[in-house]
Structures are given as C-alpha cells and as structure tokens.
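Peer 1: As a plain string of letters, each chain reads:
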Amino acid sequence: MLLALLLLPQAFAADGVAVRSAEIRAGNEGYELDAQFAITPTRTLEEALQKGVALYFVVELEVSRPRTWWFDEDVGEAVRRMKIYYNFLLRRYIVDAGYVTKTAPTLDEALAILGRVEGWQVLERGALRPGQRYTARVRLRTDTSQMPKPLQIAVLGGSKWSLESPWYVWSFDAPASPKADKP
Amino acid sequence: MRRLILLAIALGVVLLGLLFAASRNSAFFSENLPSLFIAGGLVALALVGLVGSQLWLLRQRVRKGVFGARLTLRLLLMFGLVATLPGLVVYGASVFFLNRSIETWFDVRVDAALRAGVNLGQAALDDLLHELDKKAQRMALALSDAGPGSMITLLSTLREQGGVQELTLFDDHGGVVAHVGGEKGSLLPALPEKSVLWQVRQQQPYSRVELLGERGLVMRVLVPVYTSQLAGETRVLQLVQPVPQSLARDAQAVQAAYQDYQQIAVSRVGLKRIYGVALTLTLLVALLITIAVAYLLSEQMGAPLRALARGTRAVARGDFSQMPAVAARDELGMLIQKFNHMTRQLSEARKALARNHQETVQAKAFLESVLVNLSSGVVVLDDALRVRTVNAAALQILGLDAATVAERPFAALAEGGEPLQPFVAKVLALFANEAAPEWQEQIEYAGSRTLIVRGTRLPEGVERGYVLVFDDVTKLIHAERDAAWSEVARRLAHEIKNPLMPIQLSAERIARKLGGRLAPADAEFLERATQTIVNQVAALKHMVDAFASYARLPRAKLEALDLNALVRDVASLYDTQSLGLVLQLEEPLPAVAGDSTLLRQVIHNLLQNAQDALSGHADPQVVVKTWRQDGTACLEVRDNGAGFPENLMARLFEPYATTKAKGTGLGLAIVKKIVEEHLGTVHIENLKPAGAAIRIVLPVHVAAREGGQ
Numbered sequence: 001m002l003l004a005l006l007l008l009p010q011a012f013a014a015d016g017v018a019v020r021s022a023e024i025r026a027g028n029e030g031y032e033l034d035a036q037f038a039i040t041p042t043r044t045l046e047e048a049l050q051k052g053v054a055l056y057f058v059v060e061l062e063v064s065r066p067r068t069w070w071f072d073e074d075v076g077e078a079v080r081r082m083k084i085y086y087n088f089l090l091r092r093y094i095v096d097a098g099y100v101t102k103t104a105p106t107l108d109e110a111l112a113i114l115g116r117v118e119g120w121q122v123l124e125r126g127a128l129r130p131g132q133r134y135t136a137r138v139r140l141r142t143d144t145s146q147m148p149k150p151l152q153i154a155v156l157g158g159s160k161w162s163l164e165s166p167w168y169v170w171s172f173d174a175p176a177s178p179k180a181d182k183p
Numbered sequence: 184m185r186r187l188i189l190l191a192i193a194l195g196v197v198l199l200g201l202l203f204a205a206s207r208n209s210a211f212f213s214e215n216l217p218s219l220f221i222a223g224g225l226v227a228l229a230l231v232g233l234v235g236s237q238l239w240l241l242r243q244r245v246r247k248g249v250f251g252a253r254l255t256l257r258l259l260l261m262f263g264l265v266a267t268l269p270g271l272v273v274y275g276a277s278v279f280f281l282n283r284s285i286e287t288w289f290d291v292r293v294d295a296a297l298r299a300g301v302n303l304g305q306a307a308l309d310d311l312l313h314e315l316d317k318k319a320q321r322m323a324l325a326l327s328d329a330g331p332g333s334m335i336t337l338l339s340t341l342r343e344q345g346g347v348q349e350l351t352l353f354d355d356h357g358g359v360v361a362h363v364g365g366e367k368g369s370l371l372p373a374l375p376e377k378s379v380l381w382q383v384r385q386q387q388p389y390s391r392v393e394l395l396g397e398r399g400l401v402m403r404v405l406v407p408v409y410t411s412q413l414a415g416e417t418r419v420l421q422l423v424q425p426v427p428q429s430l431a432r433d434a435q436a437v438q439a440a441y442q443d444y445q446q447i448a449v450s451r452v453g454l455k456r457i458y459g460v461a462l463t464l465t466l467l468v469a470l471l472i473t474i475a476v477a478y479l480l481s482e483q484m485g486a487p488l489r490a491l492a493r494g495t496r497a498v499a500r501g502d503f504s505q506m507p508a509v510a511a512r513d514e515l516g517m518l519i520q521k522f523n524h525m526t527r528q529l530s531e532a533r534k535a536l537a538r539n540h541q542e543t544v545q546a547k548a549f550l551e552s553v554l555v556n557l558s559s560g561v562v563v564l565d566d567a568l569r570v571r572t573v574n575a576a577a578l579q580i581l582g583l584d585a586a587t588v589a590e591r592p593f594a595a596l597a598e599g600g601e602p603l604q605p606f607v608a609k610v611l612a613l614f615a616n617e618a619a620p621e622w623q624e625q626i627e628y629a630g631s632r633t634l635i636v637r638g639t640r641l642p643e644g645v646e647r648g649y650v651l652v653f654d655d656v657t658k659l660i661h662a663e664r665d666a667a668w669s670e671v672a673r674r675l676a677h678e679i680k681n682p683l684m685p686i687q688l689s690a691e692r693i694a695r696k697l698g699g700r701l702a703p704a705d706a707e708f709l710e711r712a713t714q715t716i717v718n719q720v721a722a723l724k725h726m727v728d729a730f731a732s733y734a735r736l737p738r739a740k741l742e743a744l745d746l747n748a749l750v751r752d753v754a755s756l757y758d759t760q761s762l763g764l765v766l767q768l769e770e771p772l773p774a775v776a777g778d779s780t781l782l783r784q785v786i787h788n789l790l791q792n793a794q795d796a797l798s799g800h801a802d803p804q805v806v807v808k809t810w811r812q813d814g815t816a817c818l819e820v821r822d823n824g825a826g827f828p829e830n831l832m833a834r835l836f837e838p839y840a841t842t843k844a845k846g847t848g849l850g851l852a853i854v855k856k857i858v859e860e861h862l863g864t865v866h867i868e869n870l871k872p873a874g875a876a877i878r879i880v881l882p883v884h885v886a887a888r889e890g891g892q
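As you go down the protein sequences, you meet chains A and B in turn. Each residue of the first sequence is one higher than the one before, starting from 1 at the first, in this note's numbering. Each residue of the second sequence is one higher than the one before, starting from 184 at the first, in this note's numbering.
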C-alpha cells in the first residue's frame with residue numbers, strides 16, 4: 001500500500017545524492033543492477049577529499065515480493081561498499097568500487113564514476129520467479145562506520161559529513177533469464 | 184537502595200576501568216568507544232536517578248521532620264562539596280590542557296612542511312616524468328627513422344641507451360608489436376587502457392605516474408611513432424620506468440603522513456569530543472558515586488543519632504528499656520552507652536520514687552485512718568493559721584461541715600456559728616503566744632459544753648503549722664457530777680432515814696400510851712395527829728428509799744435477754760382487766776443486750792406510770808408493743824390517759840419532775856438512766872386525741888445480731 005505511493009520514480013532528492021535511474025535485468029550469472037546516482041558533495045566533504053581524507057560510500061539494494069495478506073517477503077538484498085580518495089603523488093582521485101579501481105583527474109569525474117553502477121550482480125540465478133512482480137529499492141549513502149573512529153565521533157550528529165539519497169523504489173516484473181537453464 | 188548504589192558503583196568503576204584501558208589500546212578504543220560511551224551514559228543516568236531518588240526521599244524525611252534527616256542532608260552536602268570542588272578543578276584543568284595539547288598538534292608550520300614535502304615529491308616525480316618524456320620523444324624519432332630491421336633489437340638498443348626499464352611498441356590496433364624489459368621489468372607488458380592508446384594516436388602524448396599493483400609507483404609515457412615505411416599507420420611507443428625506490432618510499436611516506444595529518448586535523452573536533460566526553464563521564468560517574476557513597480556514609484553516621492532520638496522518645500513516654508548497643512567505638516557509640524547508663528539510673532530513680540510515693544501514701548492513709556477513728560478532734564493548721572486537716576471527730580464535736588472548713592482560715596470558723604466564738608478566740612490567743620509552743624486548756628463554749636484543748640506548734644524544719652487536739656468532756660463532767668449527786672443522795676437518804684424510825688415509833692408509842700387516858704375529843708385529835716406523823720414518815724421513808732435506789736442503781740450486767748419474755752413476766756403482775764392491758768409483741772424478737780433486773784424495773788416503772796395516769800379513767804387502755812428495727816429492738820408503752828403537760832416535756836427526765844400528786848418524780852429519771860446504761864434511747868410523745876407513748880430503743884445483743892442475721 002505504501003509502496004504503491006512510492007512507485008513513481010523520485011528523480012531528485014534534496015540532499016546531495018539523487019537516484020537518476022535504476023533497473024534490474026538478467027545477466028550472465030544472475031540478476032544485475034544498473035543504476036545512476038548524481039552525487040553533489042557538501043563543501044565539507046569536498047574539502048576533506050581535497051585534503052586526502054578517504055570517504056566511504058555504500059549502495060544498498062533490497063528486493064521484496066509484495067504480499068497483500070502479510071508482510072512483504074524479503075527476496076534478497078545486496079550491499080556494495082566504495083571508497084574515494086585523492087592521491088597527491090598521482091594527482092588523481094581514486095575510486096575503489098570493491099572489485100575495480102579507477103582513477104579520475106577531477107572530483108566531478110570521480111564522483112561520476114562513483115555514481116555509475118553497471119552490471120552489479122545482486123541476485124543469484126533463480127532467485128526471482130520470472131513474470132512475478134517484485135518491488136526493489138535502492139539508495140546510496142556515505143558510510144561513516146568505515147571512517148577512523150575519531151572522525152566518526154566528529155561526524156556524529158553533523159549532517160555536513162553525510163550524504164544520503166532517499167530510497168528509490170520501483171516495481172518490476174522479473175525478466176525471464178534466458179540463460180537460466182544453461183549450466 | 185544500598186544494593187542498587189553498590190551495583191551502580193561497581194558498574195561505574197568497571198566502566199571507567201574499561202575507558203582507561205580502551206584509551207591505551209587503540210584498536211579496542213576505536214571499535215568499542217561509542218558503546219562504552221553509551222554504557223557510561225546509561226550508568227550515569229542510573230546514578231542520577233539513584234541520587235535523585237535518595238535526595239527526594241531525604242527531602243520527604245526532612246519535610247516530615249524525621250529526626251536525623253537534616254543531619255544526613257548536611258553531611259551529604261558537605262561530602263558532596265568536598266568531593267565536587269577538587270573534582271571540578273581537576274576536570275577543568277584536564278579539559279583545558281587537553282584542548283591546548285590537541286590544538287598544538289595542529290600547527291600551520293607542520294601543515295606547510297608536510298604540504299611542501301608532498302609538493303617536493305610531486306616536483307621530483309614531475310622532473311623524472313619530464314626526462315622520461317624527452318627520452319620517449321628521442322626514441323620515437325629514432326624508431327621512425329629506423330629501417331625495417333629487427334624491431335626487438337632496435338628496442339633493446341634504445342632501452343639500453345635510455346636506461347629505461349620497459350619498452351613496448353603497439354600497432355595501430357593496440358596489439359603489441361614488440362616488448363623489451365630489463366632485468367627487473369616484467370615479461371608481459373603493462374597494457375594501457377584503450378582510450379589512452381586512442382588518445383595518443385590523436386597526437387596527444389600521455390605521460391603519467393601510476394600505481395601499478397605490486398610494482399608500486401611507475402612512470403608511464405606513451406608517444407606516437409610515425410614510420411615512413413608504414414604510411415598511415417601510427418604506432419605507439421610505451422615507456423615504463425619505475426620511480427626510484429627511495430624516492431617512491433619517501434614520497435609515499437610524506438603523502439601518507441600528510442593524509443594522516445589532514446585526517447586527524449579534520450577529526451580533531453571528534454578527538455576533543457571523545458576526550459571531553461570521556462573526562463565528563465569519568466567526572467560524572469565519580470561525582471555521582473561520591474554522592475551516593477556520601478549518602479550511605481551520612482546514613483551510617485546518622486544511625487546512632489536516630490537510635491538516640493528513638494531512645495529519648497521512649498524515655499519521654501516512660502519506656503526505660505535499653506537501646507541496642509551500637510557497635511561503634513567512637514564518641515557516638517560511647518554516647519549511646521552513656522545514654523543507656525542514664526536511662527538505667529533514671530529508671531531506678533523512678534522506681535525508688537514510686538516506692539517512696541507508695542510508702543508516703545500508705546503512711547498518709549494510715550494517719551488518716553487513725554485520725555478518722557480517733558475520738559478526739561484533731562485540727563491541723565498551716566503557718567498562716569489556715570485549716571489543713573480536720574478529722575471527723577473534730578467536725579462532730581464542733582458541729583461543722585467538712586466543706587465549710589477545708590482550706591479556710593481558722594478564724595473564719597467563728598463566723599459559722601456564734602457559739603464557737605469564744606473557742607476560736609481563745610485558741611488563736613494561745614497560739615499567738617510565742618513563748619509557749621505547747622499548751623493545754625479547758626475551754627467552755629455554747630454555755631454548757633466543755634472541751635479540753637491541747638495545742639502544739641509544729642517544730643521548725645518540716646512544715647510550720649499548728650496542731651489542735653481536743654476532747655469533748657461535757658459527758659464526762661456530767662457523769663462525774665451524776666456520781667457526786669448519787670453519793671450525796673445516798674448519804675442524805677441514809678442520814679434522813681435513820682431518824683425516821685424513832686420518829687415513827689415515838690409517835691406510835693405516844694398514841695398507844697396516851698390513847699386511853701385522854702378525853703375522846705383529845706384522843707381523836709391525838710389519833711389523827713399521830714396518824715399524820717406516821718403517814719408522813721412513811722411517805723418520807725418511801726421517798727428516801729426511792730432516792731437511795733436511784734443513787735444505788737447497780738451497774739448493768741449486759742447479757743442476751745428475751746425482751747418479750749420479760750414484758751410478759753412483768754405484765755402478769757398487773758390487773759389486765761382493769762388496766763385494759765394489751766400486748767403486741769413481735770415474734771421472734773432478737774435478744775437484746777440487757778440486765779434483766781434493771782429492765783424489769785424499767786418496764787415496771789412505765790406500767791406504773793401508765794396506771795397512775797389512768798386512775799379514774801372510764802375506759803383505760805394500755806398497749807405494750809415490741810418490734811425490731813435496724814439492729815435494735817423497740818419497746819413502746821402507750822396509754823390513753825391525759826398525757827404529759829407540754830411545759831414539762833423538756834424536763835421530764837430530770838429528777839423531781841412529776842405531774843402526779845404523790846410520787847418522787849424519779850421514775851422516768853431512773854428509766855432514762857437505766858436505758859442509757861444499756862446504750863439505748865428513750866423518747867416521749869403525747870398522742871392525739873389523748874394519751875402518751877414512751878418508746879425505748881435497745882441495741883440487739885452482738886452475738887444475737889450475728890446469729891440472727
């Protein structure tokens with residue numbers, strides 16, 4: 001019921017991070033997520049990055065199957081941790097997206113790299129029943145828990161240090177995975 | 184409450200210990216700090232709640248005025264102050280120095296030096312890169328000029344000449360044409376991204392320092408190579424040269440330091456916050472623990488005082504039970520011991536007092552009972568001659584009422600009745616005489632009454648006052664007088680009776696001797712005169728006998744006596760018919776205490792009286808009646824004669840009071856005397872319309888009374 005209201009894509013959120021698009025599609029090994037986030041860092045974050053302080057981000061995805069008679073069934077969830085920092089010797093921003101590391105000469109490019117999620121495998125093959133309707137939601141936020149503790153304490157209670165997109169919720173019919181039956 | 188406090192204290196101590204331990208171990212510190220803070224906050228909150236509830240309870244108790252509550256509060260405040268002041272000072276100093284020391288870490292010079300170090304590293308790398316770039320340009324030229332010889336050989340030569348670690352030549356499609364590497368170079372080329380190759384082919388050389396996995400910092404330079412042989416095809420030459428190790432290490436170290444520095448600089452607020460919170464928590468927990476402990480201590484110190492208060496209240500209520508001894512060896516414990524000692528003494532004193540009081544009461548009761556049963560009158564006056572005590576006998580003798588006497592001045596007794604005037608005046612006069620503390624006096628008042636009065640001034644030292652003891656001796660004097668009269672009467676009778684017989688005999692002899700010799704007229708005269716003499720002598724003799732009998736009345740020998748039998752006995756001597764005698768005797772009548780001879784005379788006298796009163800009466804009637812009444816037996820003789828003249832009624836029992844032509848007038852006097860000897864009473868009344876009744880009341884014999892009831 002609540003989800004019904006949230007079905008409309010929320011293009012721009014107020015603070016820093018907006019979800020441009022998100023989509024789950026069938027991939028080689030299972031289901032993959034493609035998403036685009038527009039990240040506008042606060043001034044504090046920007047300065048911290050320019051001073052070489054590493055920032056951590058996390059993308060969270062939750063997929064559930066709506067049920068009319070009971071709570072929605074959780075189908076699966078995935079978390080992707082990312083890190084961005086400036087290397088003075090290379091004079092480039094380094095984006096560490098977990099399994100791949102990319103560099104960018106400017107912050108905007110680095111953030112663009114950070115906000116682009118492509119082919120991220122989020123669900124096992126067969127996790128979704130084709131044709132069934134599912135609800136997914138995704139968001140990107142800063143992950144202060146990975147920062148050094150003194151900084152965590154400093155960050156505590158201050159919104160200058162946190163960026164967080166609202167949950168982007170959409171419904172989709174699970175695509176039949178053509179390669180599902182292949183070994 | 185106490186357990187809760189102890190628990191909170193233990194928790195707080197453990198927490199503070201953890202906090203200190205955590206600050207030493209950085210890993211543990213960073214991981215568990217927030218939870219430690221939260222736990223510390225919770226403990227502090229719990230302590231705040233505890234202390235708050237303690238204070239609230241204390242306030243309630245102070246409001247209710249519970250003894251010791253104020254003391255507890257005061258001790259608590261003192262302890263709190265003593266603990267808080269140094270705590271706050273140390274806290275303030277710690278925070279100040281903490282902030283100062285943290286701020287000193289962040290110095291502009293340090294910042295600048297680190298920044299310069301980083302810049303230096305960058306500059307050095309730039310130089311190296313620039314040099315490599317030049318080499319690359321030269322090599323590219325050399326390659327483009329080179330003939331179609333062995334590309335590998337050429338590259339090796341170039342590599343040797345240039346002192347470059349790795350050379351790779353890519354063709355137009357990004358495929359590797361040739362690759363040569365030094366001893367330290369890898370066998371496989373480090374491939375650039377396709378976009379880079381494409382960019383280089385567009386005449387944009389690429390030179391950059393890169394971080395290549397395990398190879399560390401490397402410089403990679405790509406330049407296009409234009410060969411004359413292969414027109415249109417643009418090859419790309421890649422040079423890879425590692426940054427010298429020492430430089431790379433130092434530059435990276437400087438960079439890492441700079442980054443760390445910046446990170447710490449950014450998070451110094453957090454650091455300050457951490458230390459501040461830790462310090463504040465420590466202070467808060469320590470203070471609260473101190474206050475809680477202070478509360479416990481105050482309670483403990485106040486306990487003996489509360490015990491004392493309880494004891495005091497108990498003593499005030501009259502409960503002298505001992506307080507439980509407090510196992511304190513300080514002054515408070517001693518105080519309680521002393522208090523117990525005092526209580527014991529008090530209790531003993533009180534018991535002694537009660538005993539004395541009881542003895543006094545008993546003595547007083549004894550004295551009072553003695554006074555009450557004393558036949559003498561006793562009056563005790565205080566110093567101001569006010570009546571303090573007066574016994575029943577005194578009231579009876581003086582004819583006063585207890586209520587009118589108590590606490591009034593002695594002189595006021597005279598106001599009540601005129602007859603007491605001389606008595607009071609005399610007593611006061613005698614007491615006024617200081618010279619004679621003891622005196623004895625016979626005082627007459629109210630005309631006929633006589634008192635023997637003894638006065639004593641109480642000795643000084645106890646209570647000043649006067650004691651007056653007096654006896655009514657009126658009756659005694661009367662008795663003495665009676666006895667004297669009896670003696671006189673007896674003697675007189677004796678003296679008168681003796682000459683009577685010769686007178687009578689002489690007269691009879693004169694009559695016998697001269698009777699025949701005289702003329703009849705003279706003889707008759709003689710006869711008459713002699714007869715008169717004889718008659719008068721007989722009368723005189725009778726009178727003297729009566730006197731003698733009155734005077735010689737024997738003492739009554741009291742014994743149990745049946746009054747009814749006696750009445751019947753005496754009545755049988757009279758002519759019942761002519762006297763109209765009727766006996767109304769109640770049966771059974773208890774035996775009276777009496778002398779049968781004397782009582783027989785009493786009855787006889789009464790019947791005689793009645794007979795005398797009825798002589799010549801047309802319808803004489805005499806009723807003798809007996810009955811019992813309240814421990815007494817009554818006897819009444821009533822006739823229907825003329826009764827007694829009213830003017831004689833008052834003096835009927837005096838001797839010689841008579842209404843009869845002949846008679847000694849002693850009859851009723853004897854009756855009264857006998858009855859009084861029997862402790863009885865006589866009462867006379869005239870009856871309407873005619874007649875008189877004499878009633879005698881005699882006490883019942885003691886044995887009979889007891890047996891009869």
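Incorrect hints may appear among the rest.
To be verified - PhoX-like, lysine-lysine: derived pairs with alpha carbons at most 25 Å apart: (1) B:K856 with B:K740; (2) A:K51 with B:K724; (3) A:K160 with B:K455; (4) B:K247 with B:K318; (5) A:K102 with B:K856; (6) A:K83 with A:K51; (7) B:K740 with B:K680.
Derived by calculation from the structure, the hints in this document are not laboratory data. Values in this document were obtained by computation on a predicted structure and should not be read as measured data.
Peer 1: Run every hint past the structure and note whether it holds.
Peer 2: How the hints compare with the structure:
Between B:K856 and B:K740 the alpha-carbon distance is near 14 Å, which keeps this suggested pair within the 25 Å criterion. Under the criterion of a C-alpha separation no larger than 25 Å, the hint pairing A:K51 with B:K724 is inconsistent with the structure, at around 173 Å. Between the alpha carbons of A:K160 and B:K455 the distance comes to roughly 18 Å, so the proposed pair stays at or under 25 Å and holds. For a cut-off of 25 Å, the pair hint linking B:K247 to B:K318 is broken: about 99 Å separates their Cα positions.
With a C-alpha separation of about 161 Å, the suggested pairing of A:K102 with B:K856 is violated against the 25 Å cut-off. For the hint linking A:K83 to A:K51, the alpha-carbon distance of about 15 Å falls within 25 Å, and the restraint holds. Straight-line distance between C-alpha atoms of B:K740 and B:K680 comes to about 29 Å, which puts the hinted pair past the 25 Å bound.
Going down the numbered hints, you'll see the structure goes against 2, 4, 5, 7, while the others check out.
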